[in-house]
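Colleague: Residue numbers (my numbering), protein chains in the order written: chain A, 2 to 362; chain B, 11 to 284.
Since the hints were derived computationally from the structure, they do not count as laboratory data. Check the hints yourself; a few may be wrong.
[What the hints assert, rightly or not] Below 27 Å or equal to it, Euclidean Cα-Cα: the simulated DSSO-like pairs (lysine-lysine) are:
hint, chain 1, residue 1, chain 2, residue 2
1, B, K41, A, K264
2, A, K323, B, K262
3, B, K248, A, K163
4, A, K163, B, K237
5, B, K283, A, K345
6, B, K248, A, K306
Given next are the chains, with one letter for each unit.
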Amino acid sequence: MSTKQVLVFVEQADGCARPVAFELLGAGRILADKLGAELAAFVACAAAGDLSETLIAHGADRVYVAEHPELAAYRTLPYRRVLIDLIAAMETPPHIVLFGSTTTGRDLAPRIAAYFETGLTADCTELDIGPYEHTNSQDPSKVGLYPDCLYAIRPSFGESLKARILGPWKNPQMATVRPGVMVPLAPDAARTGTVHSVAVRLEETDLQLVVAETLRSMGEQVELQGAEVIVSGGYGLGNPEGFSLMYQLAACFENSAVGSSRKAVDAGWIAHAHQVGQTGKTVRPKLYIACGISGAIQHRVGMDKSATIVAINKDLNAPIFKFAHHGIVGDLYQVIPELIRQLKLQKTPTPDTSNVATHSL
Amino acid sequence: MNIFVLIKQVPDQGAKAGINPDGTIDRAKAKRMLNPFDRYALEAALHARRLYGGTVTAISMGPPPAIEILYEAIAHGVDQAILLSDRRLAASDTLATAYALYCTVRYAGAFDLVFCGLQTTDGDTAQVGPQLAERLQVPQITYCEKFEIDHNEIVARRVIEGGAQTVRCPLPAVVTVANSAPRLAYKTLRGARRVQQLQRDEAERSRVIRTVNLDDIGADPLRCGLKGSPTIVAATEKVGEIGGNCTLYQGKPLQQLVDDVLAAQVIAPELVKR
Ligand SMILES: Cc1cc2nc3c(=O)[nH]c(=O)nc-3n(C[C@H](O)[C@H](O)[C@H](O)COP(=O)(O)OP(=O)(O)OC[C@H]3O[C@@H](n4cnc5c(N)ncnc54)[C@H](O)[C@@H]3O)c2cc1C
Chain A
2 MSTKQVLVFV EQADGCARPV AFELLGAGRI LADKLGAELA AFVACAAAGD
52 LSETLIAHGA DRVYVAEHPE LAAYRTLPYR RVLIDLIAAM ETPPHIVLFG
102 STTTGRDLAP RIAAYFETGL TADCTELDIG PYEHTNSQDP SKVGLYPDCL
152 YAIRPSFGES LKARILGPWK NPQMATVRPG VMVPLAPDAA RTGTVHSVAV
202 RLEETDLQLV VAETLRSMGE QVELQGAEVI VSGGYGLGNP EGFSLMYQLA
252 ACFENSAVGS SRKAVDAGWI AHAHQVGQTG KTVRPKLYIA CGISGAIQHR
302 VGMDKSATIV AINKDLNAPI FKFAHHGIVG DLYQVIPELI RQLKLQKTPT
352 PDTSNVATHS L
Chain B
11 MNIFVLIKQV PDQGAKAGIN PDGTIDRAKA KRMLNPFDRY ALEAALHARR
61 LYGGTVTAIS MGPPPAIEIL YEAIAHGVDQ AILLSDRRLA ASDTLATAYA
111 LYCTVRYAGA FDLVFCGLQT TDGDTAQVGP QLAERLQVPQ ITYCEKFEID
161 HNEIVARRVI EGGAQTVRCP LPAVVTVANS APRLAYKTLR GARRVQQLQR
211 DEAERSRVIR TVNLDDIGAD PLRCGLKGSP TIVAATEKVG EIGGNCTLYQ
261 GKPLQQLVDD VLAAQVIAPE LVKR
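Next comes chain B alone, as it looks inside the complex (with noise of 0.2 Å):
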């Protein structure tokens, strides 16, 4: 089987390092990781090659240091990486993005299964997966729990509001992993010691992993970025500054505190249990 994983590297917003005093992100600050949602997909795509064989080719999108997570996804057991990176890709919408990530998957060769994160914790949008999908021209599987194959065939479980579906359909197919799916297992030592390798020696490293622009995947620089954008961020506004006139009940005994609270009506009588 020939299984992609998509992944990205995402600003880890636990880490304070990276905030600004007014909540934004400094990006260049931040401390960035693999996006969680990912996790589950990478577990996914080790799950099927360990159940049906095959090679898992982990593919990425993002500024040179993104390969941090490619090394990452190595010592989990994938056995080879995609980054592409390219200046032109900078303000990508999830139009532009998955547009380039069609072309990197074209450029990698056939394939059974695409497996992608849910969504990002940056960008929080859970549309890459099926705009992929879309442009690939195959069946996508979204909000995957489980899964397994049985002669070319995808028989899924997927979660809806409230419930379950089963569902089944031919390869290939493009497969989003819901957060309820398997957890990524430890790093294996095998990958740990490949990773090592790797980093040591530059000549299989490009072998491994290879880093591709725009034109190594002949997409048209048109699409991509801000020029391949039809949205725009054309506007913020900072939440906390929206209301503000809170009346506070504070610094009396206890039982007055409630009282004036009550008083004022607050809690509106006729919601009160009679």
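Bound conformation, chain A alone (with noise of 0.2 Å):
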């Protein structure tokens, strides 16, 4: 089988599929229809249960199951060795691997690739197919024309810059991909696709690490990523009560959930749970009202995907009005309650404004 093919790899919880695989399925479905390739996923558990016609609708061409009881659980040896064994067995090895920038996938991919000797850019937030020429080497035999290469683009930290970085000479080309930031496609029942049983042979070494225990959903549950509106505040904020406005104004929403900068959570005023950005979460709302946010690109990475986004900011050269939709020019002290005011009578036609004042100057 030397068909060109993009590989995904599938983060499972029992069976079921975590978000971000069904994200990679999508960005992998474009690269693979560029580059005229098969999209095939890769998913190792205890029991696939009806998994790989999940893959498939999701846009899977073909799904590489390896079931085994050690596989239940993520470990990084055992699903190390088998995919390993899966892209070592293949006639030509896949043109590009996709794992999701989660603890799993950072957790395995750098293993992979050392493992091949191939290059790895953690962390992506764009994906795209392209040409590329090297001229300028120390290496003669690097350069050429590759006419197909993995473009990964990510943010390059602490220099506002995206960095498309490449590593056209060697197959897989290899990324992680933030979470939250590729868009699924509408699962289609009617799509079709082949599965394929993967060997599974382990090694005693393989399973020296025993997980004791897992335990998840501790703490606080934002749903920030399932959210329509996100009223996020900032460093502007000034102090931890600016949240309450925060949370007034999204109750002026169906479906909202209130975010926030780094700094605004490093000072200790809102938990990390509701940070937007590199180091917190990626989300694209249809809309994203920054409030006392100045946009850097850390923050940036995490909600320039939103459908709409509105900025209200009393500094005309906040970075943040270079990239919002609408930007706002205030103290946010003044134009939130007159923006919720003016929300509240729009949906009633005697307005109630007692509840509203606590924050105006």
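With the hints as a guide, bring both chains together as one complex.
Modeller: And the structure:
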């Protein structure tokens, strides 16, 4: 089998794929179509059930399934073994392999890349296919024109830049992709694909590490990723009480949530679960209202895919006005109470403004 | 116990000096510091020695000024250090870096634990730890925030999405330390004195802080630096230049301003709670 392939690592728990798997399939589908390649999904688990059909409905042409009781929960070494065996057994290695930038993807992908001595770009926010001509090299063997490179694009930190990282010299070209960034395809039960079972050959050393206990969903759950409207507060709020104004504005919308910048989290004004950005969550709501947020690159990469971005900032030169769709230049403590008042007016003919006055000047 | 800890010197992004007007880093002028994530790894290494005995060796790769962070590590109580410094390492990506560090670890000898910071603030990939573990052919525990050692086995709690996991595995192992782990304690008086002594006494310094190059550690130069890196940064794009067609609302009385915003349907009416 020498068809060109884009391979996606599917993260799953108890036979259910995690959202990032569908996002990767969405991104992988676009890449595969541009390459004229097949989109393949790799899943390791105890029992796949009807997971393969779900993955095909979400865009996979081919699903590789490795089933074994020792693969029930993610562990580096057994997962590493089956994925390496799968790739090594292929006549030609996959053109591209994608993982989520989750604690699992970031644990596994580097080991696979090191094994195959191939490039791995971390935490990408955009992917594309394109040509690349390498001219200037200390290594003449690398010079040449490469038509089908993976363009792995990621923010370059501390510098307001996006870097395009390429590794066209060797396949697979690999990347980890931020959860929440790529768009999954709408599932389509009419899509067809093939399912291939992968031989599982584990060695004793692969089983050295034992998972004694897994605890999920401790603490606060913040439904940032499902919200249609996100009202986000930054360091410009000036104090933790400012977030009550954020909640009041959010309450004007259906299906809304409160987000924040890292500086507000670091100041201890709100829990990390609310943080949007590079080291927080990536969101793409219909409406993102950024209040007192300057728009640093690390914040921006978490929210710039929002359909509409409204920024409220008193500094006309704040970087956020360079990429927001609408910018209200003014003091948030004046603008937001007025905004709340008028939004409430819109909904009720007889307005009650008594509960919105807490934060006006 | 033979404990290694890998640390890196990074540009200090908080310091304004060294930031070009276009927002890029002027690496020659930038102030440098110990990678903040490595402080947790250093604390983990010192903690392991406090509880289980042995020695802690700090290992770094970088240009000669990186010796500053090795002094810093010694001030915190590290026993000895190795600095891998070689021009042929320039432009190493994570794979080439992990290879060079693997050769350094091999040169440094047998180990029970290698601690790494979760990631660096300049590269931000979190890849070097696992890639090192792959080359060393040992298990890894990433995102570790707590651990103990019992009968040559490490029992660790690692952070996962929305929770935590407890794992156990035999030594030797590579551990990357999360920033929810215990913070690095203050420098010790003894450590500070030791640094002063090393700065005065060259013979003692070169005994305690070994500076090595690729030949010393038996690394293949073709697998290092630009040559050994399968990836390159092919293009950068200034982020501030994208978009830039923001509609601004300003310079009007507040009520009218907000009127304008709502009249323009900036906020889609169907999103508003009825
Ligand atoms: C490795 C790394 C990872 C990071 N990850 C993230 C991340 O995930 N998410 C994130 O957000 N950041 C992240 N950061 C931090 C980021 O670089 C910025 O420091 C941060 O986003 C700034 O937060 P801010 O905009 O709230 O604060 P500031 O930059 O201080 O901006 C405050 C803004 O509020 C405005 N303002 C002040 N008062 C008012 C008022 N009364 N009314 C209206 N406007 C007002 C000011 O004009 C200013 O523009 C990261 C940094 C690093 C180095």
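Colleague: Taking the hints in turn, state whether each one holds.
Modeller: Hints and how they fare:
no., hint, result
1, B:K41 to A:K264, "holds (22 Å)"
2, A:K323 to B:K262, "holds (21 Å)"
3, B:K248 to A:K163, "holds (6 Å)"
4, A:K163 to B:K237, "holds (24 Å)"
5, B:K283 to A:K345, "holds (9 Å)"
6, B:K248 to A:K306, "holds (17 Å)"
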